[in-house]
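Same order as they appear, the protein sequences are chains U and L.
Note that our numbering numbers the first sequence so that position 25 is 25, with each residue one more than the last.
Each number in our numbering corresponds to the 1-based position in the second sequence with 114 added.
Treat the hints with caution; some may be incorrect.
SDA-like mimics (lysine to any residue), calculated; alpha carbons at most 25 Å apart, straight line [what the hints assert, rightly or not]: (1) Lys26(U) x Asp172(L); (2) Lys220(L) x Ala38(U); (3) Lys156(L) x Gly84(U); (4) Lys156(L) x Leu82(U); (5) Lys156(L) x Glu51(U).
Simulated DEER-style distance windows between Cβ atoms [stated by the list, open to error]: (6) Pro128(L) x Gln17(U): 27 to 33 Å; (7) Asp96(U) x Asp192(L): 45 to 51 Å; (8) Ser154(L) x Gly84(U): 40 to 46 Å.
Read the hints as simulated data drawn from the structure, not as lab findings.
Built from N, CA and C at the ideal position, the CB exists for glycine as well.
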Amino acid sequence: DAGVTQSPTHLIKTRGQQVTLRCSPKSGHDTVSWYQQALGQGPQFIFQYYEEEERQRGNFPDRFSGHQFPNYSSELNVNALLLGDSALYLCASSIDRVLGFEAFFGQGTRLTVV
Amino acid sequence: QKEVEQNSGPLSVPEGAIASLNCTYSDRGSQSFFWYRQYSGKSPELIMSIYSNGDKEDGRFTAQLNKASQYVSLLIRDSQPSDSATYLCAVNVRSNYQLIWGAGTKLIIKP
């Protein structure tokens with residue numbers, strides 16, 4: 001049973017460029033959430049996708065956008081990259097349910113903006 | 115006041131001893147509580163989930179939840195050097211789809 005997979009694992013981009021990160025959820029999972037984690041901090045919620053729609057968004061600017069495909073995989077796009085966007089980007093998949101959800105993470109994408 | 119608070123540590127525990135990690139949260143609407151382990155440079159790994167008051171045991175790990183006092187803890191028995199990592203507490207609030215995270219406690223198990 002494949003877990004959550006993310007690509008690429010590492011990425012170096014120049015300030016002002018655009019980047020696309022990809023995520024395939026765990027088999028049987030229908031919900032994908034994206035988080036940004038800076039060094040020494042807990043993950044910060046970017047947004048969550050369910051049924052191909054952005055269901056909830058955290059406190060991130062519109063430069064951050066995403067998409068979910070019919071097979072539940074997802075993309076995170078970041079435009080006009082800033083140095084401060086350098087972080088570990090985490091994708092988590094889960095099953096939509098009423099009470100509680102266990103989120104499982106991919107290996108992450110380490111983005112460095114220079 | 116931060117929504118989820120953890121002592122940043124580091125917490126140093128001798129091999130074979132019990133490690134005790136604590137987390138407090140501010141929102142009384144919190145309904146789901148999770149402990150994740152994160153090795154340096156890696157992604158968080160789910161080790162325990164707990165939804166109701168009391169204790170939940172899984173192998174060497176025990177999660178404890180006290181909603182009245184708004185805290186959740188993780189006990190690791192017979193600590194091993196491989197348990198050395200940062201432990202993150204995450205909370206889900208009713209009617210909210212995101213996980214709210216603490217900054218993590220760094221645990222060091224000394225051989």
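Quick rundown of the hints versus the structure:
no.: 1; hint: Lys26(U) x Asp172(L); result: holds (22 Å)
no.: 2; hint: Lys220(L) x Ala38(U); result: holds (15 Å)
no.: 3; hint: Lys156(L) x Gly84(U); result: holds (20 Å)
no.: 4; hint: Lys156(L) x Leu82(U); result: holds (23 Å)
no.: 5; hint: Lys156(L) x Glu51(U); result: violated (29 Å)
no.: 6; hint: Pro128(L) x Gln17(U): 27 to 33 Å; result: violated (49 Å)
no.: 7; hint: Asp96(U) x Asp192(L): 45 to 51 Å; result: violated (37 Å)
no.: 8; hint: Ser154(L) x Gly84(U): 40 to 46 Å; result: violated (22 Å)
Of the numbered hints stated above, those contradicted by the structure are hints 5, 6, 7, 8, listed in ascending order.
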